[in-house]
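Student: Sequence:
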Amino acid sequence: MPNDLPSSAVSVEPISLPKTSESETLKKIRHTTSHVMAMAVQKLFPKAQVTIGPWIENGFYYDFDAPDPFTEKDLKAIKKEMIKIINRKLPVTREEVPRDEAERRIKELGEPYKLEILADLQDPITIYHLGDQWWDLCAGPHLDNTADLNPSAIDLESVAGAYWRGDETKAQLQRIYGTAWETPEQLAEYKRRKEEALRRDHRKLGRELGLFLFSDVVGPGLPLWTPKGTVLRSTLEDFLKQEQLKRGYLPVVTPHIARVDLFKVSGHWQNYKEDMFPMMAEDDAARLAEQGFAMKPMNCPFHIQIYKNELRSYRDLPMRLSEFGTVYRYEQSGELGGLTRVRGFTVDDSHLFVTPDQLADEFMSVVDLILSVFNSLQLKNFKARLSFRDPNSDKYIGSDEAWSKAESAIQKAADALGLNYFLGVGEAAFYGPKLDFIFQDALEREWQLGTVQVDYNLPERFELEYVAEDGSRQRPVMIHRAPFGSLERLVGILIEEYAGDFPLWLAPVQVRLLAVTEEFLPYAKTVAAQMRSLGIRVEVDTSGERLGKMIRNAEKQKIPVMAVIGAKEVEANGLSVRTRASGELGAIAVADVLERLTAAIAQYGTF
RNA sequence: GCCGGUGUAGCUCAGUGGUAGAGCACUCGAUUCGUAAUCGAGCGGUCGUGAGUUCAAAUCUCAUCACCGGCUCCA
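Just so you know, we're using this note's numbering here: the first sequence kicks off at 1 and counts up by one.
Hints are all accurate, no fakes.
Cross-link-like lysine to aspartate or glutamate pairs, in silico, EDC-like; alpha carbons within 20 Å at most: (1) Lys79 x Asp148; (2) Lys204 x Glu555; (3) Lys383 x Glu427.
Read the hints as simulated data drawn from the structure, not as lab findings.
Construct the complete structure from the given sequences, taking the supplied hints into account.
Tutor: Structure (structure tokens):
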């Protein structure tokens with residue numbers, strides 16, 4: 001990397017930025033700051049009603065019900081008011097009050113949301129006061145005095161709409177996000193890291209590295225893949241296809257659309273219609289009769305048709321049908337973003353049809369595959385979530401019995417594998433529970449990639465069967481699974497994980513050849529042809545620029561291996577190799593470079 | 001879909017009512033060069049789109065589209 005810092009820059013103690021959950025001090029600071037902010041807001045906007053204002057990992061927020069939405073301009077005034085409050089050195093005092101007393105006081109203030117919160121609180125009810133000016137229901141903990149806050153370590157970041165109790169059908173509140181630290185240096189470091197994260201943003205890198213694009217004319221959420229981006233995608237596809245071949249998966253191909261009737265049988269039409277593109281019908285009569293075609297939001301109903309094509313024997317099972325199937329989901333406009341949330345994406349989908357006896361083993365071998373895929377991709381930071389249904393919701397198909405069976409099958413397998421998981425109630429698919437693998441992007445937002453799902457319901461709805469050993473007809477169980485989740489989301493996460501610096505085997509361009517002057521271009525082209533014939537992705541820089549500029553350009557494109565060619569190299573039939581990771585390696589014979597490159601690529605290693 | 005913000009050249013951005021700018025990229029010319037930017041010239045924008053206000057709109061107003069940060073939802 002170019003070193004823009006003065007070389008005299010001394011190394012300083014790195015500033016640590018703990019998460020709120022890791023620091024009692026930060027918990028206090030952020031609780032108290034959020035109260036100070038709420039007090040400031042109510043001073044400036046007396047009609048604003050308070051609701052909740054918790055700390056979050058990097059700061060805090062507070063939700064208000066305000067007659068007019070806050071704008072970013074309001075934040076400045078609020079911050080100013082907060083500083084005044086801090087400077088008044090108000091003591092923060094805790095008070096325990098009986099429930100009816102709390103109720104009386106809240107009614108006196110006229111804060112309906114607080115009343116709702118109170119109803120859910122366990123005794124004892126605690127109130128925190130800022131001097132005698134303002135109080136809020138709160139479990140604490142808090143600082144002792146507003147003067148313990150450092151105004152230079154506090155910042156208000158953004159405003160957003162948020163629904164009361166996270167429920168779309170309830171009132172929309174105005175949320176203000178802020179952050180607060182022990183020292184101004186920590187705040188500065190926090191902001192610096194946020195900017196750094198922006199540099200890893202896959203949307204920015206995707207454009208800079210020329211991997212994918214969006215076109216207003218094509219439509220939102222519909223990525224277009226450039227030649228380089230397509231190399232990435234297909235390298236990932238090929239990698240997984242090979243892994244799956246080793247494990248007995250059978251590739252299939254199915255169309256992008258199907259009759260609506262198919263989705264009625266599967267339940268998508270009833271339970272997933274909101275997420276589907278509108279039906280295509282020949283005319284209004286057909287539309288009314290719901291006789292039309294729909295883009296597929298999932299691949300399962302199609303694979304099921306292939307299963308059903310013949311009478312299956314227990315000897316055929318497990319049957320593992322796999323497809324990189326592109327699906328279309330009509331996501332709400334505000335949910336779209338980069339490659340992590342799109343409207344058309346490719347699922348590395350497989351559906352395993354198994355006997356009940358095979359379920360546990362198959363499930364575990366799927367998880368094994370998923371973990372080995374993550375390992376090959378050097379993805380280490382993920383969480384496993386058991387995504388079960390919400391018992392109070394009616395958005396699921398199938399019997400309670402089928403659900404309990406599926407959920408306990410997943411939990412048992414996860415336990416047997418020693419997976420460190422957490423429970424996500426209400427996160428299940430409409431047809432069955434899942435084991436999901438969750439990753440973070442550069443901005444610490446969470447995204448689900450890999451998933452395994454156990455499904456007793458679709459086999460029921462499609463009346464799937466196999467002939468058992470005793471000649472009886474039995475119902476198979478389905479496992480839906482996708483290690484990548486979707487190619488689009490995976491590539492988005494990988495770009496940010498690697499900061500665009502792809503490992504050699506994945507890099508869209510693996511080698512760039514740089515001729516010191518144009519007279520060495522013919523030699524460069526000969527070497528390039530040799531590399532290409534070995535399957536190495538190589539480019540020759542024909543720009544005629546100076547070497548320094550060509551290296552700079554290759555570095556900016558994050559090409560892992562550069563090879564410089566001048567008189568010495570031509571003379572010795574060699575290459576002067578420079579890698580992004582290690583810099584100049586000196587002169588190496590062409591034959592050796594070829595051998596080392598092919599070996600490194602084959603082993604997912606580095607040059 | 002909802003709340004807030006942003007749309008000026010391929011990219012990054014300046015320009016707040018009076019004749020559209022810079023750097024990089026691109027093209028051409030000169031230079032033939034040894035490990036992160038050679039020099040010069042040129043090309044390039046109905047200022048997201050559509051209405052409106054005004055003698056005059058990139059700039060003010062409204063609508064609309066897209067993107068960004070959240071909420072909801074999700075691979």
